[in-house]
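Given the coordinates of chain S, assemble chains P and V onto it according to the supplied hints.
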Amino acid sequence: MDNSVVIAGFGGQGVILAGKILAQAGMNHGLEVTWLPSYGPEMRGGTANCTVVLSNDPVGSPIVDNPTALIAMNLPSLDKFESTVATNGVIIMNSSLIQRRRKQKDVRSFSLALNDLAQKVGSVKTINMIALGAYIKASGIIPLSTIQTTMAQMLKKDGKDKFIPLNRKALKEGYNALQE
Amino acid sequence: MPVDVQNMQKVFARPNSLTDAKSTYCPGCHHGILTRIIAQTIDELGIVERTIGIVPVGCAVFAYRWYRCDAIQAAHGRASAVATGVKRANPSLIVFSYQGDGDFASIGTAESIHAANRGENITVIFVNNQVYGMTGGEMAPTSLVGQKTTTTPQGRDPKLFGYPIRFSEMIAQLDAPVYVTRQALYDTKRIKEATKAIKKAFTNQVKERGYSLVEVLATCPTNWRMKPIDANKHVANVVEKTYRLGDLVNRG
Amino acid sequence: MGKRLLLRGNEVIAEAAIRAGCQCYFAYPITPQAELLQHMAVNMPRLGRTFIQAESELAAINMVYGAASAGVRTMTSSSSPGISLKQEGISYLAGSNLPAVIVNIVRGGPGLGDIAPSQCDYFQATKGGGHGDYHMIVLGPSTVPEAGQLTMLAFELADQYRTPVMLLADGMLGQMMEPVELPEPIEISSLPQKEWATNGAKGRDPNIILSFDLDPEVLKQMNLILQERYRQIEAKEVRYEETATGDADIAIVAYGTVARIVKTVIKMARAEGIKLGLFRPITLWPFPSQALKKLSEKVATVLTVEMSAGQMWEDVRLAIAERAETPFYGEMGGVIPTPQRILSEVKKHAG
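Protein chains in written order, with my numbering: chain S, 14 to 193; chain P, 383 to 634; chain V, 27 to 377.
Think of the hints as simulated: they come from the structure by calculation, not from any bench.
All figures in this text were calculated on a predicted structure; none of them were measured in a lab.
Take the hints with a grain of salt, since some may be wrong.
[As the list claims (entries may be wrong)] When the alpha-carbon atoms are kept at most 27 Å apart in a straight line, the in silico DSSO-like pairs for lysine-lysine are as follows:
(1) V:K319 x V:K373
(2) S:K93 x S:K150
(3) V:K29 x S:K170
(4) P:K404 x V:K29
(5) P:K404 x P:K581
(6) S:K116 x S:K173
(7) V:K29 x S:K173
(8) P:K582 x V:K228
(9) V:K29 x S:K169
(10) P:K581 x V:K29
(11) V:K324 x P:K589
(12) P:K392 x P:K589
(13) V:K228 x P:K404
(14) S:K138 x S:K175
[As the list claims (entries may be wrong)] If we take Cβ atoms under 7 Å as the criterion, some of the chain V residues that face chain S in the derived model are:
(15) L32
(16) R286
(17) Q366
For glycine and all other residues, C-beta sits at the position ideal for the given N, C-alpha and C.
Isolated chain S (complex conformation) (with noise of 0.2 Å):
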């Protein structure tokens, strides 16, 4: 069965980049994929997400009615997405940004105070790891130690080298604080 998760939240809290180094570990770990962005004028600021297709197959729509998941950075994100998910799907929500509850009945839904872990870690910049490894956990898709690969090497091509070991302990984090 295809895995299909939306990512959404503001700009700037991560969204396209965590799309990206899911479709890429998804890739690596000899999955097809397609990684969809919304795209936008504004390049700061505005609401972003992205869409990953993981499947053992060819992938056909890259874009989903009916994500098997929903990564929700703050409230609007959950408005918007939240009736869509699939039955028994998962949803994370940052519980930091996003005081209400959940209103889907048949869905599994994990929330994670993400600004916290963050900051626990040590920067809030690495909430969107924090999210995504908290899906790896709850899908249990790919390994926690091949996301964490991927997401070294993305960054070691960027010349971003030093915030490798912050971001692998942010996926960490994430990946331990989903508790069913």
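Just chains P and V now, kept in the frame of chain S:
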């Protein structure tokens, strides 16, 4: 005195780079003189085998017929962009564009300015006769204040149609061009000076110095409704007051 | 073939152009094809090739005209409003028998429209968007890897037929990432010489590039040469793909990213017992009319799905005439037809 045919010397001949195709220009028009000067320059520099002419839309649309070099007919106003494409594709070629005032200074304004601003290593010949010849004598961007044309029957009114554009002066404000000059062809002195200027503009390109522009004040006796001699006088006495001759940039 | 890389459609088109031997690239920035321009800005100078950010789309296409005249492989890219500006130059390229590749990463229109994916430039691309009696070959990639392959093919066909070729992809394909194995680079020095190019009249008569003759009889002959070439292209270069049409009762005709979405719909429909197939034109001009006509004799219904008001639908109906029902479902303005929406359209016409 009997003519000594045996010892006659050839003192004037058609340049090798000029074909014998029949001219399509009107009697008294300066395009013919200018065409000859360019062909002579190509001869003198020995570059006919690597010269590409970019010809415009307008009276000079047939200019690909006059030269023994490769030529490209460009869309109206785009000759400087086409010249850029050719030169960048093959920098060993010598590329010149030949453009009228409507082509260069109206519809092609953006392409003209930006080719100059990039300092493309090309030679641009800009023929300014203050009128659209081929389409029927309409106003040009360079038409003089008060000039009667078929679209300014009462004379060009600056309040309605703006002022004559001194396009070469605009180009001269840019940092990149190495040579910008305005020349005329109404007497032998001016023809000699224009010939020198055109040779310099081509030489600059051969020596890879960069962008050169030669504006030439030309007559259009047909659309000016003047006799050719009066048209020549008109350039000297009237047109030159708006468009002063001489070098505007010379960084050679 | 190299290793699998995760790349955006825009990057893959740019990289494939480089590997196809594109020596000069000229373009003006516009969303959603900016990554294509940026990839060329970084990589063309590294290879000693030409990249110019032109002052306008008009300038870019006319630089292409110049570079094509000089005999090198050349390309420009843009998105819908910019492609409108290029129509003048495309008409001149066609009229002057010049090979060039034009990429359109289509966005919603008309006018400024938006920057979301669309297929609303089908008419403009396939019917001759500029003035005069001409066509260009139009290729419609459906996936990121295919965008690379068809970019390579575009350069081949352009040279072979001395014609402009357009790669017509929507904004979704330009922006999305997918694993791809990049095509092997060609050897530029091994390409055939272009005897007609204006690259210096040394040891031969001058070559003249033009789309112009004031004598109607001569211009008619020039037109007949173009038309003869179009007949050849129609005979030899039609490309299409059929998926699950063998036992289909209903077939969808779709191209580009819509076609790949339909592949998901096929699985959903067949899980519910609906025998759905897909007919995907790869060449949008020449349109695969004969093959579609054949298919229409086997199925009851041919549903056209497009991100437009029904532009390709006209070609579908011309090909099928009355042989099958030909309903239409389209979205406009950048709205993407999702699998569920398409499935519910299919259900309206199935059984």
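To see whether the hints hold, each was checked on the structure:
no., hint, result
1, V:K319 x V:K373, "holds (23 Å)"
2, S:K93 x S:K150, "holds (24 Å)"
3, V:K29 x S:K170, "holds (17 Å)"
4, P:K404 x V:K29, "violated (62 Å)"
5, P:K404 x P:K581, "holds (25 Å)"
6, S:K116 x S:K173, "violated (39 Å)"
7, V:K29 x S:K173, "holds (24 Å)"
8, P:K582 x V:K228, "holds (24 Å)"
9, V:K29 x S:K169, "holds (19 Å)"
10, P:K581 x V:K29, "violated (55 Å)"
11, V:K324 x P:K589, "violated (69 Å)"
12, P:K392 x P:K589, "violated (31 Å)"
13, V:K228 x P:K404, "holds (24 Å)"
14, S:K138 x S:K175, "holds (14 Å)"
15, L32, "holds (5 Å)"
16, R286, "holds (5 Å)"
17, Q366, "holds (4 Å)"
Violated hints, listed in ascending order, are 4, 6, 10, 11, 12; each of the other numbered hints is respected by the structure.
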